[in-house]
Amino acid sequence: MIQGISIYEILTVTTLLFFIGVYGFLTRKNLITMLLSIELILNASAINFVVINKYLFPDALQGVYFSIFIIAVAAAEAALAIAIIINLYKLITSVEVEDTEIMKY
Amino acid sequence: MERVLFYILALIMIVFAVKAVSSRKMLRSVIYLLFVLMGIAGIYFLVDYTFLAAIQLAVYAGGVIVLIIFSVLLVHHIELRLDVASKRSQILAGVLSVVGAGLTLFTIWTYKFNPVENYNAIDVATIGKGLLSYGDGGFILPFEVISVLLVAVMIGAIVIAKGKRLEQ
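The listed protein sequences correspond, in order, to chains A and B.
Letter by letter, the first sequence follows residues 7 to 111 of our numbering.
Letter by letter, the second sequence follows residues 8 to 175 of our numbering.
Among the clues, some could well be false.
Label-pair restraints from in silico Cβ distances [as the list claims (entries may be wrong)]:
#1 Ser100(A) x Ile19(B): 30 to 36 angstroms
#2 Asp65(A) x Val73(B): 47 to 53 angstroms
#3 Glu107(A) x Gly145(B): 44 to 50 angstroms
#4 Met161(B) x Glu107(A): 27 to 33 angstroms
List of simulated lysine to any residue pairs, SDA-like, C-alpha gap at most 20 angstroms [what the hints assert, rightly or not]:
#5 Lys32(B) x Ser100(A)
#6 Lys96(A) x Gly170(B)
#7 Lys136(B) x Phe63(A)
#8 Lys26(B) x Lys119(B)
#9 Lys96(A) x Ile85(B)
#10 Lys26(B) x Gln68(A)
#11 Lys32(B) x Val103(A)
#12 Lys96(A) x Ala100(B)
#13 Lys32(B) x Ile108(A)
#14 Lys35(A) x Lys169(B)
#15 Lys35(A) x Lys119(B)
#16 Lys119(B) x Thr99(A)
#17 Lys26(B) x Ile44(A)
#18 Lys136(B) x Ile108(A)
#19 Lys96(A) x Ile108(A)
#20 Lys32(B) x Phe63(A)
#21 Lys96(A) x His83(B)
#22 Lys35(A) x Gly170(B)
#23 Lys35(A) x Ala100(B)
#24 Lys96(A) x Lys136(B)
To list a few chain B residues with every Cβ distance to chain A over 10 angstroms, as calculated [to be verified]:
#25 Tyr51
#26 Leu74
#27 Glu86
#28 Ala108
Derived by calculation from the structure, the hints in this document are not laboratory data.
Every residue, glycine too, gets a C-beta built ideally from N, C-alpha and C.
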């Protein structure tokens, strides 16, 4: 644990990061910038796993494992999302959310 | 010392996170996100999980951000400024986020956590043995599932990104 820092302060920072990500996801209109907001949300929750593991259950390692899995799944998700975005750009030469009705069919 | 370091990291992360979701140049917001991810790696270093911090730096700073930068360069003109959402949806999203953050912070600050005082660092061998053990509390099955998932994603990304053009 960090000397002089309580768990409340770290959880406050991660909560703020999470909801900044939510705000970005709701206001952005571009697929790539929405992906950035999702990365922010995933990372905020990954820190929560690690910090709760460290502060409340220092003998267990489950939080670390879940964090590793979150990082792996987030990397996989980013790779697939970017493949889809590049394919979409080839089809309609745009990555704005409003222009992406072609994926439905 | 660690206290000051944590506050500096927290300030950097919050400021750059706000910049990342509000900057109107796309490449810049990717770089701001990179700073946030490095701050998160700093937090992992501070809580003595150095292996996780190394993973965070390698996978995010080295992998995901480079991938995103390349895709930005492929699909977007750098000089172009992103159009912003309408005032109404900005206010709606802002109110929603503030209410959500307030509710979560209220719940956190009124709950009584019982932290255990400890400063022991965990070495990589312990983490690796836990990941590969099939005894109690072992994580071999999710580990294998993740490796299958990564292979599937690699093949899927290649197939999807090749794609077909509209006229074909």
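Hints and how they fare:
1. Against the hinted window of 30 to 36 angstroms, the Cβ-Cβ separation of Ser100(A) and Ile19(B) comes to about 34 angstroms, which satisfies the hint.
2. At roughly 37 angstroms, the beta carbons of Asp65(A) and Val73(B) sit outside the given window of 47 to 53 angstroms.
3. At about 46 angstroms, the CB distance of Glu107(A) to Gly145(B) agrees with the hint of 44 to 50 angstroms.
4. With their beta carbons about 29 angstroms apart, Met161(B) and Glu107(A) fall inside the hinted range of 27 to 33 angstroms.
5. Straight-line distance between C-alpha atoms of Lys32(B) and Ser100(A) comes to about 16 angstroms, which keeps the hinted pair within the 20 angstroms bound.
6. Restraint check for Lys96(A) and Gly170(B): the C-alpha separation of about 8 angstroms stays at or below 20 angstroms, so the hint holds.
7. Restraint check for Lys136(B) and Phe63(A): the C-alpha separation of about 19 angstroms stays at or below 20 angstroms, so the hint holds.
8. Distance hint between Lys26(B) and Lys119(B) is unfulfilled; the C-alpha atoms sit about 33 angstroms from each other, more than 20 angstroms.
9. For the proposed pair Lys96(A) and Ile85(B), the alpha carbon gap of about 18 angstroms is at most 20 angstroms, so the pair holds.
10. Taken as a hint, the Lys26(B) and Gln68(A) pair is broken in the structure, with Cα atoms around 33 angstroms apart against an allowance of 20 angstroms.
11. Among the hinted pairs, Lys32(B) with Val103(A) is consistent with the structure: their alpha-carbon atoms are about 17 angstroms apart, no more than 20 angstroms.
12. For the hint linking Lys96(A) to Ala100(B), the alpha-carbon distance of about 31 angstroms lies beyond 20 angstroms, and the restraint is violated.
13. With a C-alpha separation of about 26 angstroms, the suggested pair Lys32(B) and Ile108(A) falls outside the 20 angstroms cut-off, and the hint is violated.
14. Between the alpha carbons of Lys35(A) and Lys169(B) the distance comes to roughly 25 angstroms, so the proposed pair goes past 20 angstroms and is violated.
15. About 40 angstroms separates the Cα atoms of Lys35(A) and Lys119(B), which puts this hinted pair outside 20 angstroms; it is violated.
16. Annotation: proposed proximity of Lys119(B) to Thr99(A) is violated, straight-line Cα distance about 53 angstroms (limit 20 angstroms).
17. For the suggested pair Lys26(B) and Ile44(A), the alpha carbons sit about 15 angstroms apart, so the restraint of at most 20 angstroms is met.
18. Taking the CA atoms of Lys136(B) and Ile108(A), the gap is near 47 angstroms; set against the 20 angstroms cutoff, the hint is violated.
19. About 12 angstroms separates the Cα atoms of Lys96(A) and Ile108(A), which keeps this hinted pair within 20 angstroms; it holds.
20. For the hint pairing Lys32(B) with Phe63(A), the CA-to-CA distance comes to about 42 angstroms; that exceeds 20 angstroms, so the pair is violated.
21. Only pairs whose Cα atoms come within 20 angstroms are accepted, and Lys96(A) paired with His83(B) is accepted, the gap being roughly 12 angstroms.
22. Between Lys35(A) and Gly170(B) the alpha-carbon distance is near 24 angstroms, which puts this suggested pair outside the 20 angstroms criterion.
23. Using a Cα cut-off of 20 angstroms, the hinted pair Lys35(A) and Ala100(B) holds, with the two alpha carbons roughly 13 angstroms apart.
24. Annotation: proposed proximity of Lys96(A) to Lys136(B) is violated, straight-line Cα distance about 45 angstroms (limit 20 angstroms).
25. Interface exclusion of Tyr51(B) from chain A breaks down, the closest Cβ pair being 6 angstroms apart, not more than 10 angstroms.
26. For Leu74(B), the requirement that its beta carbon stay farther than 10 angstroms from each beta carbon of chain A is not met, with the minimum near 6 angstroms.
27. The Cβ of Glu86(B) sits about 15 angstroms from the closest Cβ of chain A, beyond the 10 angstroms cut-off, so the non-interface label holds.
28. The beta carbon of Ala108(B) sits about 4 angstroms from the closest Cβ of chain A, which is not more than 10 angstroms, so the claim that it is off the interface is violated.
Violated hints, listed in ascending order, are 2, 8, 10, 12, 13, 14, 15, 16, 18, 20, 22, 24, 25, 26, 28; each of the other numbered hints is respected by the structure.
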